[in-house]
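**Q** With the hints as extra help, turn the sequences into a complete structure.
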Amino acid sequence: MGLDIRLPIGALFTVLGVLLAVYGLGSNTTIYQKSLGINVNLVWGTVLLVFGLAMILLARRGLSRGFKLDREHPAKTKH
Amino acid sequence: MNLTTIDWIIMLVYFAFVLGIGFVLKRRVKTSTDFFLAGRAIPAWICGLAFLSANLGAQEVIGMAASGAKYGIATSHFYWIGAIPAMVFVGIFMMPFYYGSRARSVPEYLRLRFDEKTRGLNAISFATMTVFSSGISMYAMARLIQTLHILDEPFQRLSVAPQWIFHVSIVFSALIVLAYILLGGLSSAIYNEVLQFFLIVAGFSPLVWLGLKNVGGWHELTKRVPVAYTHSWAGMGSPQTNPMGVEWFGLVMGLGFVLSFGYWCTDFLVVQRAMAADSMDAARRTPLIAAVPKMLFPFLVILPGLIAIAVPAEPAPAVVVSSSNPPQHGYLGRGLIPPKIDENTGRPKLDENGHPVLDYDLAIPNMLLHYFPTGLLGLGVTALLASFMSGMAGNVTAFNTVWTYDIYQSYIRPNASDQHYLAMGRLATVLGIALSIAAAYAATRFNNIMDMLQLVFAFVNAPLFATFLLGMFWKRATGHGAFFGLISGTAAAALHHGLTLPSGAVPGIKGAWLGSVLHLYPSEMAQNLWTAIWAWTTCFAMTIVISLATRPRPEGELAGLVYSLTERPSEEHLAWYKRPLALGAGVIAFALVLNLIFR
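Protein chains in written order, with this note's numbering: chain A, 1 to 79; chain B, 1 to 599.
Everything labelled a hint here was simulated from the structure, so no lab data went into it.
Mixed in with the good hints, there may be bad ones.
Stated by the list, open to error - The calculated lysine-lysine pairs, modelled on DSS-like cross-linking and capped at a C-alpha distance of 25 Å, are: (1) B:Lys223 to A:Lys34; (2) B:Lys349 to B:Lys510; (3) B:Lys223 to B:Lys213; (4) B:Lys213 to B:Lys70; (5) B:Lys213 to A:Lys34; (6) B:Lys70 to B:Lys510.
**A** This is the structure we're talking about:
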């Protein structure tokens, strides 16, 4: 398969993570009464960002390994 | 619900990605196999997550949280008893036949193994069912958007009448699903299902985190709700002593065996995801990989329901209370669960004992509103919408395949070119979605018709696993046996339902429509489970009897289709942790441990 699913997942969560975290940094703290005083936008945004970046990293590593596989056993990979 | 700009941006980003995946995959769809089976080139872990996600419809997230609030942790039986064993079985024992026979669909396997009429029966009932299920998802989603007032503000700003919210929600969800399936076929649906899986986890886990923190942890939670709510096996000795009204035998046989094996092992909606795998090993691992997150899902979807009834506070003004007018006579709900409001009087509905009828389906939505500030709320709502769409898309991709291969190619136009069937598949996608929309509108008008259809589907599905079990493991089973076994199983289900009644119900759609009540069940669930047990047993027995009376198929024709005439797939070349047997054993052990912890 050409498209590595980890790439779009990683990209989506990186974008969502950045959006939430940046919004969390700038937002008024009164909105966090609901969430027990925790700035969940910042916390959860950071978690999503880390997850997204990890996925992109994995996809890049998988990609270079995939190329090696392609060169060594061209018949094994499907298209 | 007050959504602000950041919430809308999050939602838009998600929809942009969904469509983007479709566009990227478009170039890769060249043959009908690419479109319907994703070219049989998807790695196991992706198929596994899609296998799980396709089953994660609206019913899963909203329904399981509702059931968690109603019955407590016993709802986990739907996972640990009602899914895991069947998922392990289909991976280890059945996938070699589905994948190995090169059948392109479950009905096609039935034709290879039995005959044309058995395939036709299964294909037609399955195709009808998928269209209605996706219509029900669509309807439920539009209703939820209405109830939560998600679109009220933008509609007001554009000065569009609020009656249009329902129609716009239906058309919008239909167009998104249509677009990404048309573009990339099954690959696109599978990729999006994986995306949806991660989104659902990301959107609901903060809910569990904040909720548990608020009530003071799991230990405090167990003190705030009745004992049976945090012990899944408490009182299962007799139907009178547990909230579900079922005894352990009915539960294990009905749910754990008949219904769960019938769904996970024969429903093309999920099996299709495994058929798309890139190798036999990957196909066998697909359900086993899916079983691991499936086992942990109770913590994500049942726990919020349980927390919702344990939260002491009366709902803040932001929380939805079923209708636009809030209750005037003190708060009758339970935690965050509001009572249902009678549409005619505007007052809470009461049952015959004077207790309010609670609207458990609002457990998850009210939890979102209670704990999530703007920003995270956008993510939570997006996750909710994603769960509806993955259910819809799963049904539509299963429909277009069964329609094109098992109905169109078999009965309407055989021997056309592959490009013709690819075009037909695209057309069938449009048709499937158009029919879903029709079904969604039918649901708004005739509520009883939908209930009745679901009942009929339950009758049709209940005996199915007996047919597959005999087909795969008993070479003597014949086509006539399978066909008439299925019909008598369905008839037995209808007969059983027509002669029994759950306590407290009136004869009609709930049972006893044949006039007399031979047996009174303590709960609707008990009645459903026993209907399934009767149907399965009848189909099993009748298939054997009729098979023995009819001419067997020559053994040469059955190679690769029946256990005793098929070479066992070898696992030697795989690392131990990739071997289906090792994985399956691990999954079963883990499920046992979970049952022991929450017994």
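**Q** Run every hint past the structure and note whether it holds.
**A** Going down the list of hints, with the structure as the test:
{"no.": "1", "hint": "B:Lys223 to A:Lys34", "in the structure": "holds, 23 Å"}
{"no.": "2", "hint": "B:Lys349 to B:Lys510", "in the structure": "holds, 20 Å"}
{"no.": "3", "hint": "B:Lys223 to B:Lys213", "in the structure": "holds, 14 Å"}
{"no.": "4", "hint": "B:Lys213 to B:Lys70", "in the structure": "holds, 22 Å"}
{"no.": "5", "hint": "B:Lys213 to A:Lys34", "in the structure": "holds, 12 Å"}
{"no.": "6", "hint": "B:Lys70 to B:Lys510", "in the structure": "holds, 20 Å"}
The structure meets every hint from the earlier list without exception.
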